[in-house]
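Number of protein chains: 2
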Amino acid sequence: MFSLAEENYLKAIYHLEHENQGEVSTNAIAERMDTKPSSVTDMVQKLAEKEVLSYKKYKGTLLTPTGRKIAANVIRKHRLWEVFLVEKLNFHWDEVHEIAEQLEHIQSDELIVRLDKFLGSPDFDPHGDPIPDKHGNVKRTEKKLLSECEKNQRGVCVGVKESSGEFLQYLDKRKISIGTKIKVLGKEFFDGSMIIQVGSDQFFISQKIAENLYVQTN
Amino acid sequence: MFSLAEENYLKAIYHLEHENQGEVSTNAIAERMDTKPSSVTDMVQKLAEKEVLSYKKYKGTLLTPTGRKIAANVIRKHRLWEVFLVEKLNFHWDEVHEIAEQLEHIQSDELIVRLDKFLGSPDFDPHGDPIPDKHGNVKRTEKKLLSECEKNQRGVCVGVKESSGEFLQYLDKRKISIGTKIKVLGKEFFDGSMIIQVGSDQFFISQKIAENLYVQTN
DNA sequence: CTATATTTTTAGACAAGGGTAAAAATATTT
DNA sequence: AAATATTTTTACCCTTGTCTAAAAATATAG
Numbered sequence: 256m257f258s259l260a261e262e263n264y265l266k267a268i269y270h271l272e273h274e275n276q277g278e279v280s281t282n283a284i285a286e287r288m289d290t291k292p293s294s295v296t297d298m299v300q301k302l303a304e305k306e307v308l309s310y311k312k313y314k315g316t317l318l319t320p321t322g323r324k325i326a327a328n329v330i331r332k333h334r335l336w337e338v339f340l341v342e343k344l345n346f347h348w349d350e351v352h353e354i355a356e357q358l359e360h361i362q363s364d365e366l367i368v369r370l371d372k373f374l375g376s377p378d379f380d381p382h383g384d385p386i387p388d389k390h391g392n393v394k395r396t397e398k399k400l401l402s403e404c405e406k407n408q409r410g411v412c413v414g415v416k417e418s419s420g421e422f423l424q425y426l427d428k429r430k431i432s433i434g435t436k437i438k439v440l441g442k443e444f445f446d447g448s449m450i451i452q453v454g455s456d457q458f459f460i461s462q463k464i465a466e467n468l469y470v471q472t473n
Numbered sequence: 256m257f258s259l260a261e262e263n264y265l266k267a268i269y270h271l272e273h274e275n276q277g278e279v280s281t282n283a284i285a286e287r288m289d290t291k292p293s294s295v296t297d298m299v300q301k302l303a304e305k306e307v308l309s310y311k312k313y314k315g316t317l318l319t320p321t322g323r324k325i326a327a328n329v330i331r332k333h334r335l336w337e338v339f340l341v342e343k344l345n346f347h348w349d350e351v352h353e354i355a356e357q358l359e360h361i362q363s364d365e366l367i368v369r370l371d372k373f374l375g376s377p378d379f380d381p382h383g384d385p386i387p388d389k390h391g392n393v394k395r396t397e398k399k400l401l402s403e404c405e406k407n408q409r410g411v412c413v414g415v416k417e418s419s420g421e422f423l424q425y426l427d428k429r430k431i432s433i434g435t436k437i438k439v440l441g442k443e444f445f446d447g448s449m450i451i452q453v454g455s456d457q458f459f460i461s462q463k464i465a466e467n468l469y470v471q472t473n
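Read top to bottom, the protein sequences are chains V and W. Residue numbering for the first sequence follows the working numbering, beginning at 256 and increasing consecutively. Residue numbering for the second sequence follows the working numbering, beginning at 256 and increasing consecutively.
Hints were generated in silico from the structure; no laboratory data involved. Check the hints yourself; a few may be wrong.
Quick list of in silico lysine-lysine cross-link-like pairs, DSS-like style, CA-CA up to 27 Å [to be verified]:
#1 Lys343/W x Lys372/V
#2 Lys291/W x Lys343/W
#3 Lys398/W x Lys343/V
#4 Lys343/W x Lys389/V
#5 Lys398/W x Lys438/W
#6 Lys406/V x Lys438/V
#7 Lys291/W x Lys301/W
#8 Lys343/W x Lys399/W
#9 Lys372/W x Lys343/V
#10 Lys394/V x Lys406/V
#11 Lys389/W x Lys343/V
#12 Lys372/W x Lys372/V
#13 Lys372/W x Lys416/W
#14 Lys394/V x Lys428/V
#15 Lys324/W x Lys398/W
#16 Lys442/V x Lys398/V
#17 Lys416/W x Lys430/W
Whole structure, please, built from the sequences with the hints as guidance.
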């Protein structure tokens, strides 16, 4: 099977593939894994031999379908354990990552089948990220405007509609950028304004803002 | 801190110390850990440097108080996870050992505090073994005759009262020896006979037998 | 289209943990 | 007590995953 180190590489490459479409560079992996490019080259060559990724010298890597499935399964385990830690052991959602990083490598398919059932087969982890199903498939949804979201919905910022300087400056001040997770805490029907959560900050936004932000929702 | 391999050595030595009183031999550790004596020597010397055990060449090893505490904590985690697997995930008690062998190495004190609370601070694991408390102390109880045990009590065989050949042969046939776990499934007041469980076997024993077996109960 | 900068790979080393084979110490027989 | 058997240790090699330094490939600038 795959070692702890190998699983971590596959996971990192999986995430990098989704962030920047296309080949993943050696340096990008090294930075993500907090290791040296030379170590990455070694590991990537080993994983290519195992046919979980395709690798062309100096050209970067891509997961094979097998590799993608393995990576998705590690992520599935990570996120299920996060749900367990928050829902059952009452951890706060920002305390669970490190523990889940360890738990995700526990090897037992039956354990995960039962854990999933015990948790009620959740679709999302406590951070709002989708949990891949047992085949490694992730529910991917279409983007929509933040203003179309309902109370308690979560989304990931994937773009803006109108990109004026003032608007981008506003987003910068609010620490919103591509990939930022947003949760709608409240919505006022009268004027379409919202209270949203971004990281640990909660604040008010007008309808005009909400109509200019694209999010990918759960 | 201590690596996975180091924790496993400490755990094995802890158990061996309790089984055979006194120094633990290199060969005994090697056999228990399914490794070679030469590897044991290396590791034992390393652990002696770290002052978790005392080691005299050719004389065997003993855990230091620090080492014993670390080992007891690993065992605590192992047994708490076994309770989780059986009570919450509905595994059968004989399916959980391998998974718990992995889970016992997850590093997070807070996780164990919360897991323990979630499980209702159990005193025993699903096999009937006591769970060390957070300071590494194990409830040790006095031995008594099996005949003094009540229904549903569990005990570990620690000796016999009268050791005639016939009796020892009987015990051999029933696969009962020092360390064998016994659970009282039923007790007949009329004649003091019992139905007991030994491993996965269940059978009937007379009062005469029950009065000749010493057990250490929970 | 060279020259320079950056990225990536190779070569060689190291630490952890484990294995083999032989030497050294201890135990057991006779 | 000497001879033999067993246990334990030593010396050396292997694998995994990492690092540093230098070489090679690619990208960027002038």
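A quick look at each hint next to the structure:
Distance hint between Lys343/W and Lys372/V is fulfilled; the C-alpha atoms sit about 11 Å from each other, no more than 27 Å. Restraint check for Lys291/W and Lys343/W: not satisfied, since their Cα atoms lie roughly 38 Å apart, outside the 27 Å limit. Using a Cα cut-off of 27 Å, the hinted pair Lys398/W and Lys343/V is violated, with the two alpha carbons roughly 38 Å apart. Between Lys343/W and Lys389/V, the direct Cα distance comes to roughly 21 Å. Compliance with the 27 Å bound is thereby established for this hinted pair.
For the hint linking Lys398/W to Lys438/W, the alpha-carbon distance of about 15 Å falls within 27 Å, and the restraint holds. A hinted pair counts as satisfied when its Cα atoms are at most 27 Å apart, and Lys406/V with Lys438/V qualifies at roughly 8 Å. For the hint pairing Lys291/W with Lys301/W, the CA-to-CA distance comes to about 16 Å; that is within 27 Å, so the pair holds. Taking the CA atoms of Lys343/W and Lys399/W, the gap is about 33 Å. The hint is violated against a cut of 27 Å.
Under the criterion of a C-alpha separation no larger than 27 Å, the hint pairing Lys372/W with Lys343/V is consistent with the structure, at around 11 Å. With a CA separation close to 21 Å, the supplied pair Lys394/V and Lys406/V stays within the 27 Å bound. Between the alpha carbons of Lys389/W and Lys343/V the distance comes to roughly 21 Å, so the proposed pair stays at or under 27 Å and holds. Restraint check for Lys372/W and Lys372/V: the C-alpha separation of about 21 Å stays at or below 27 Å, so the hint holds.
Under the criterion of a C-alpha separation no larger than 27 Å, the hint pairing Lys372/W with Lys416/W is inconsistent with the structure, at around 41 Å. About 31 Å separates the Cα atoms of Lys394/V and Lys428/V, which puts this hinted pair outside 27 Å; it is violated. Between Lys324/W and Lys398/W the alpha-carbon distance is near 24 Å, which keeps this suggested pair within the 27 Å criterion. Only pairs whose Cα atoms come within 27 Å are accepted, and Lys442/V paired with Lys398/V is accepted, the gap being roughly 19 Å.
Only pairs whose Cα atoms come within 27 Å are accepted, and Lys416/W paired with Lys430/W is accepted, the gap being roughly 17 Å.
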